[in-house]
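Participant: Build the full structure now, drawing on both the sequences and the hints.
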Amino acid sequence: MEALLTRHLEPAAPLNLAAYQATGGYRSLTAAFDLKPEKIIGIVEAANLRGRGGAGFPCGLKWRLRGADAPSPRYLICNLDESEPGTFKDRYLLYGGPHQIIESVIVSAFALQAERALIFVRGEYAKGGNALNQAIQEAETAGLLGTNIRGSGFNLQIEAHLSGGRYICGEETAQINAIEGRRPNPRPKIPRPSTHGLWGQPTTTNNVETLINVPHILLNGADWFRKLGVNGGCGSKLFCVSGKVKHSSLFELPCGTPARELIFEHAGGLDEDRTLLGFLPGGASTAFLLPEHLDVAMDFDPIAVAGSRLGTGSIIVLDNATCPVEVTLNLMRFFARESCGFCTPCRDGLPYLTQILTIISSGAGRADDLALLDELCATIASQSFCAFAPGAVMPLVSSLKCFHDHYEHHVITGHCPFNETNKKRA
Amino acid sequence: MGTILIDGHIIPFKPGDNILQAALEANLEIPHFCYHAALGSLGACRLCAVEITPKDSSKAPRIAMACLEPLEDGLEVSISAIAAQQVRQHVIEFLMINHPHDCPICDEGGECHLQDMTVACGPPYRRYRGRKRTFSNQNLGPLIHHEMNRCITCYRCTRFYQDYALGNDLGAMRLRNEVYFGRFQDGPLENPFAGNLVEICPTGVFTDAIFRQHFARVWDLKTAPSICPHCSVGCNTLPGARDGTLRRVRNRAHPELNRWFICDRGRYGHQYSEHSARPLAPRASGADTSYHDALTAAASQIKSAQDCIGGLGSAREDLEGNAMLQALLNTLGGIYTAFSDPELETATIAAVSSLQNTGNAPSLAEIELIDAALIIGDLTAYAPMIDLALRQAYRKGAKLALLHSSPTPLAQFATTAMTVSPQEMRTTLSRLYQLINAQSATEDMTETPMTDIVASLMGARKLLLIGAIETLTAQEVPILAKLATALGSDTRLAYAFSGANAYGAALLSPAGSAMVMLEAVEAGQIRILIVAGNDPLGDSRFGPRWRAACRNLSALIVLDCILTATAKAADILFPVAAWTERGGTFINYEGRAQGFAPVFHRPEYLPSVAEVITDLGQYLGHSLQAAPSVLGDIFSDFEIPKPGTTGSLIIAPSLPMPTTPPVHSAQESCSSMWQAALTSWYGDEALASFAPGLMVLIPETVAMIEPTSAIDAGIKNGSQIKLRGSSGSMVLPVQLNQGVATGTIAIARNVLAQLGVGHGDLLELEQVL
Amino acid sequence: MSWPTSIAKGITDMNNILKGLQKDLLHLPRTHPKRRATAIPAMQALQAELGYLDDAAIKKITQITGLSTAEVEELATFYSLIYRRPTGRHIVRICDSVCCSMRGADQLLTAAEEYIRTSLGTVTPDGALTVLPGICLGLCDKAPAALVDGEALGPLNDASLKALLQRLQKED
Ligand SMILES: Cc1cc2nc3c(=O)[nH]c(=O)nc-3n(C[C@H](O)[C@H](O)[C@H](O)COP(=O)(O)O)c2cc1C
Ligand code: SF4
Ligand code: FES
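Chains as they are written, first to last, in our numbering: chain B, 1 to 426; chain L, 1 to 769; chain Y, 1 to 172.
It should be emphasised that the hints constitute simulated quantities derived from the structure, not laboratory data.
All values reported here derive from a predicted model rather than from experimental measurement.
We put the beta carbon where it would ideally sit given N, CA and C, even for glycine.
Each hint should be verified, as a subset may be incorrect.
Some chain Y residues flagged as far from chain L (calculated, every beta-carbon gap over 12 Å) [said to hold, decoys possible]:
#1 LYS34
#2 LEU50
#3 ARG89
#4 GLY104
#5 ARG117
#6 LEU120
#7 ASP126
#8 ASP158
#9 ALA159
#10 ALA163
#11 LEU164
#12 GLN169
Okay, the calculated beta carbon distance ranges per label pair [what the hints assert, rightly or not]:
#13 Y:THR110 to L:ALA60: 45 to 51 Å
#14 L:THR708 to Y:SER119: 54 to 60 Å
#15 Y:GLN107 to L:ASP116: 45 to 51 Å
#16 L:GLN185 to Y:SER119: 21 to 27 Å
#17 B:ASP223 to Y:THR110: 53 to 59 Å
#18 B:GLN137 to L:GLU76: 57 to 63 Å
#19 B:ILE190 to L:GLN185: 35 to 41 Å
#20 L:GLY488 to B:GLN137: 54 to 60 Å
#21 B:ASP223 to L:LYS59: 35 to 41 Å
Facilitator: Written out as C-alpha cells, the structure is:
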C-alpha cells in the first residue's frame, strides 16, 4: 500500500505551508466546505473510521452523538498527548508534518461546527509543538484559520496547549481539566464531555491519528477508505513496533495487517533471531498475546476476540531471553507511578500489585501470591473511577495467564530463570 | 417520587437523588467515605459499592457505586451481596496499606469513621507486606493538628475548604499514593470555618488542637445539647466536658440552621470558660469571700440605697437571667436594660421591631437559596455562619452587593462592593431607597456602583437584605426594612445582632433606658448598679462616660464569668456559671427561642445569673417568682424550649419603633475630618476574646486607611500615626487598604475602646510620625 | 505564542510572555475561568528562565492567575515537567519504561548515577547536570533513549551516555 498518512512527513525539516500545499495539502478544505457538516459526518461514519487513541470508538458515531444542535461555543480537542509506553506514532506526525494536523483539525472542526479547537501536545514534544505553533501562525496569516475561512462562513481558532506532563493527561476528561488549569483528575462521565466538556461547553476529543484520516476520507470517499484495509480492517493504520526487534520503527500499513508481518517483515524479526515469547499488541495497557496470535488481523475486533485490545496499535515484542515477570513489574511500576491518585483501587491498589510482583521477582514470592494478584486485579479493573486502572491491570492479568510457568518458576525455585547469575550457572 | 428495593426494603426516593442518598435517608447504612451530605458525591473512595439486579433477568448483576448511581422506579439494589462486600473489603484493604495503625494514641479514637468502616467491611487481617509510605506534617496553627499519615485521600477536606467554605490556603498536592493535603507552607489555616475539617475528616488527619492540649477519650466526655453563645445565629452544638472542665465543642445538626458545620469562633471560643483569669470565687471589698457573705454585702448595700438602683443585663446572657434581673428591678423600683451602649440599644430594638413588622428573618437554609443579597457591614465577624450560608448562595450564582466601611471577607465574593463611611451610610441607604422606589436605576454614570446594586436587587427573585447591627445606627436599621418592603414580598430581612440573646434582650429592654440609666448614674441618682454579663466600662463609645459615672456609685455589683474591665472594678463580684455549666434560653436572630442544657458542673459552686438574682431577692426579703413563670408573664404562653429540639419562634408583644433621637457621644470639640470605623475579625466577641487559642490569631494592630485618602493626607503604608480620641491617644502603624471607606480610619475594637471612640465617631489624627 | 519549557530552555523571553499574559488577563475578573488556564503556560515560562520554580516564582504565578499559592502548588506538584527543586543547567531524562528497560535502560540509569556521583533528580555539585528517570518518552524506536534539554537521543549505551554527560558538563 502506498503511504497515505506518512507520505509527506519530513522529520528533519517539516514542510512549510507553501510546500505542503504543493503536495496537495489543504485541498480537503475545498471539498469539506462544499458539503454540509452532517454529510461529512455521514461519510466518516460510512468509512468506519475508528478512534486511534486507544478505545477504538467509531469516530463518525461520536461526532453524530454530539448533536448538531449543541450550543456554541463548541470545542474540538486534538489529543496529541501520547504517553502510552510503546507508542510513538503521534510524535512522527507532529515532528514530521504540522500542517497535516492543522488541515485535519480544520475539516473535522467544520464537520462538528466547532469554532474552537485545541491541540493538546505532550510536554516532552515541546520542540515539535513549537513548530506546530509556527504552522498555526502560518495558516492564520494565510487565512486558513480565523473568521469566514475561504468564504465558507465557518470560523475557527486553533490553540495549542503544551502539557505539564503526566500520562493521565491523555485521558479525555483529565485533559479538559488540565487545559482549564485544574488538577488533571478525570471527571465523572455524567454529564458527558460531549455536552459539558471544556468550560462546560460541548467538546469532542479525538486522537491526532484519527483526525488525519479525515481529509483523505473526504477527498476519496468512504468506500475507498474501507478498501485500504485488509483482513476486514478499514483504512490505513500507523503501527509502532518496538521491544526486542531488529528494526524498531513506525510503519504505515493497511489496518488488519497481522502481527507476524509487522514483526518479522517490517521490523526485521527478533534480536539475534531469538524466539518470540509474546507481545503486547496495542501499547502498555493491553493484554499480552502469544505466538499463536501472530496471524490475528491487527484490527479492533479480531484482537479483542483474541483477548486483548488494538489500543494504539503499538506492538511491544518480548523474546525468550526476556523475563515476562520483570517486564510486567516494569509496567506496573509505570502505572502505579502515573496514577492520578483520585480513586482508591488505582491509587493504592496498583502499588500493592507492584509490591507483590517485586517480591515474586526477587524470589521471595509465596504460592498464594498469584491468586492474590488475580483477586486484587478483579476489583481494581472493575471498580476504579476511570479507564486508567483497567488498562493498567490488563497486562498483569494476561501475563499471569500467558506466562504462568514463569511465575511458578519464580515462586518455587526462588530464582528468576533469566537472572544473570542463573544464566551463568546454566 | 418513586421507590426502590434495597435488600428487600422498599425505600422511597426524591427525584435527583442517588442510591446512597435514598438509603441514608431511610437509615440504611451503605458504607462510604467521600460522599458527604453537604459536599455531595465524588466517586473517589469506591467504598459505596452495591449490587444492582438488572431488570432483564438474563443479564448478570452489576456492581455500582451507590453515590453515583441515579435512581429509577423499581430499581433492585443489594448492599449485602457477596460481590459488593468483596469490593468494599478490598477498598478498605487498600486504604489501610499505608495507614499507621496508631489508633491507641489517635485523637479520633471513638469517633473514627475509618475504624467503623474497617470493622464493618474490611478484612480483619493484613496481607500487604511492603513498607508504608510516610509524610511529614505541617504546623497548621493553634486550632488544628495535622497528621497526614492517617489520610485515606477522600478529598473531603479540600472539597469542604475550597469548594464549600471558599478558602484557598489548603489544597491537594502531588499525585498517586502521595496525594498530600496541606498548605503551601506551614502556617495557620486562614478560613474562619477551618475547624470543621476536624469533623469532616473521616479519620485523624485533622484533629482539634485545642482539645488535644487537654485530651480526654471521647466516650469519657459528658455532653448535652447546647447552643453556641458567641453570636446571634444560635448554631446548635455539642460541648464535651470531663473532670469538671470543658474540653471541646462540636457541631450538632440543626436542620434549618447550622446543619453540618459551625464557625471557628463557635468551636474554639469556649476556652473562655477555662481561662486562667476566670473569676471563680465571690469577691467583696477587694477580697475573696463566700457566696453567702457576698449576697449579704450586696443586700445591705442595696437596702441602704433604696430606690436608687439600676440593673444592667446583657445581650450575651440568657433570657432567664435578664428576665430575673428585670423582675428584681421592678420589685425594687429601679431601671433595667440589657444594653450599656444606648446606640446599640436603640439599633437592636429598631431591628427587632422591623422584623416584627416585615416578617421573620430567614433561616440559614433559606439564605442559601437566595439569588441576591444586599449586605451592610461585616457578617463574617458578627454572624459567621450567615457568611457561610451566603457563600453557598454565591456558589449557586447569587449576586452579593455589599456596603461596608471597613474590610470584610465577603467583599471578595461580591458582585458590587462599595465602601461607605459610617456617617454616609444613612444617606447612601436613603438614596438606594429612592432609586428603588422610583422603580428605575438612574442613568447617571456618577452613581455607578449604586445603579449596579439597584439593578441586581430589582432583578432578583429571592432577595435578602441584611445588616450588622453593631455598625448600624437606629436610623439606618428601619431604612433597610423600608427597602425590603419596597422590593416586594419575596424579599427577606435579617440583622446580625451582637450577642447570642440580643433579640431576647431587646424584647425586655425599654427603648431609651440605657441613656436614662447612664445619665442617672452620672447625676448620682443611681447609687447601686447591678451588672450581669455586661461590660459598660469596657465599651468603646460610652466606656469613658461609664467609667467617670461609676465613680458616683456606692456599689458596683457585677455578675459575670469573664474578667471584664467592669468585673475588675466591681465592689462585689459574683462569678457565675458559663453557658455549659447551666441551662438557659437564647433567642437567635430569627426570633427563635432555643434551649441549652447544663453539660457539667465545676467543682466550685457557680450559680447562673438567674439563681444569683433569685438568691439576692431572698436576702432582700423579696421572694421572686421562678424564671419560667416570670417569662410566662412577659411572653404569653411562653414555654422554656427543650434543649435538643429545634426551638420555636418567640411570640412577643410588638415593639414600637424607638423614637429616641440618636445619641452621639460629645463630639463637638473635635473638628477632625477622619471618622473611625470598627474593624473586626471572626474572633472578635466578648466571650471569645478570652479564648487563648483564638487570640493567638488576632490580626496585627494597625490603622487601616484607604489609599487615596492616605496619599491626600501624606500618609504612607507602614508609617506611624498618632490618633486621639475622648480618652487618650495612641500611635499605630498604617496599613493602606482598599476595603476602607474614604476619610475613614478602620481600627480594632480594643483600640477604639482605649481611645474612647465609637464606630462612626470623629477621630483626631494628631500627627504623622 | 511560542512555547517555553525547561525542556527547550531559553526559547522564549520570559518577560515578554509574562507581560503578554498579564495584559491579556488583568482585565478579566477573578472568577473568569480562562484566567486559571494560564497557570501551566505561566509556570512553563518562568521555569524556562529559572530552571525550576522556587517559592518566589509560585507567588509570581499567583499574581498572573489570580490563584492562591496553595492552588498553584496543587498544579505545580502534579506535573512531571514542572520542577519545584533546583535543576542543573542541563536536564537529562532517561526513559525507564518497558521498551527502554528491555533494552538496557536500567544499567544506563545505574551508570549515570555512578557518573554524576549524586542521586538521580538532584543537581551535580558543579551545577551542570540533573539526571532523572522518566516515563516512556515516546522514543521506543530509539530505545534505550533519553531527552537531553528537549532533544531526543538514542539508542544509548554506557559509553555514549558517559561521553554525553561529559560534554554537557563542559557546556554552559
Ligand atoms: C489513562 C488514559 C490515557 C490516555 N491517553 C491517551 C493519549 O495519550 N492519546 C490519545 O489520543 N488518547 C488517549 N486516551 C484515550 C482518550 O481518553 C480518548 O478516548 C481518545 O483521545 C479519543 O480519541 P479517539 O476516539 O480518536 O481514539 C487515554 C485514555 C486513558 C484512559
Ligand atoms: S483509575 Fe482513579 S486514580 Fe487511577 S487515574 Fe483513573 S481516576 Fe485516577
Ligand atoms: S462514597 Fe461513593 S465512591 Fe466514595
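Participant: Against this structure, judge whether each hint is valid.
Facilitator: Checked hints:
1. LYS34: holds, 18 Å
2. LEU50: Holds: least Cβ distance 18 Å, greater than 12 Å.
3. ARG89: holds, 26 Å
4. GLY104: holds, 26 Å
5. ARG117: holds, 27 Å
6. LEU120: At roughly 17 Å from the nearest Cβ of chain L, LEU120 of chain Y sits farther out than 12 Å, so the non-interface label holds.
7. ASP126: holds, 30 Å
8. ASP158: holds, 31 Å
9. ALA159: holds, 35 Å
10. ALA163: holds, 35 Å
11. LEU164: holds, 30 Å
12. GLN169: Holds: least Cβ distance 31 Å, greater than 12 Å.
13. Y:THR110 to L:ALA60: 45 to 51 Å: holds, 49 Å
14. L:THR708 to Y:SER119: 54 to 60 Å: holds, 55 Å
15. Y:GLN107 to L:ASP116: 45 to 51 Å: holds, 50 Å
16. L:GLN185 to Y:SER119: 21 to 27 Å: Given a distance of about 25 Å, which is inside 21 to 27 Å, the answer is holds.
17. B:ASP223 to Y:THR110: 53 to 59 Å: Hint holds: Cβ distance 55 Å, inside 53 to 59 Å.
18. B:GLN137 to L:GLU76: 57 to 63 Å: holds, 59 Å
19. B:ILE190 to L:GLN185: 35 to 41 Å: Taking Cβ atoms as reference, ILE190 of chain B and GLN185 of chain L lie about 38 Å apart, which means the hint holds.
20. L:GLY488 to B:GLN137: 54 to 60 Å: holds, 55 Å
21. B:ASP223 to L:LYS59: 35 to 41 Å: Holds, at about 37 Å.
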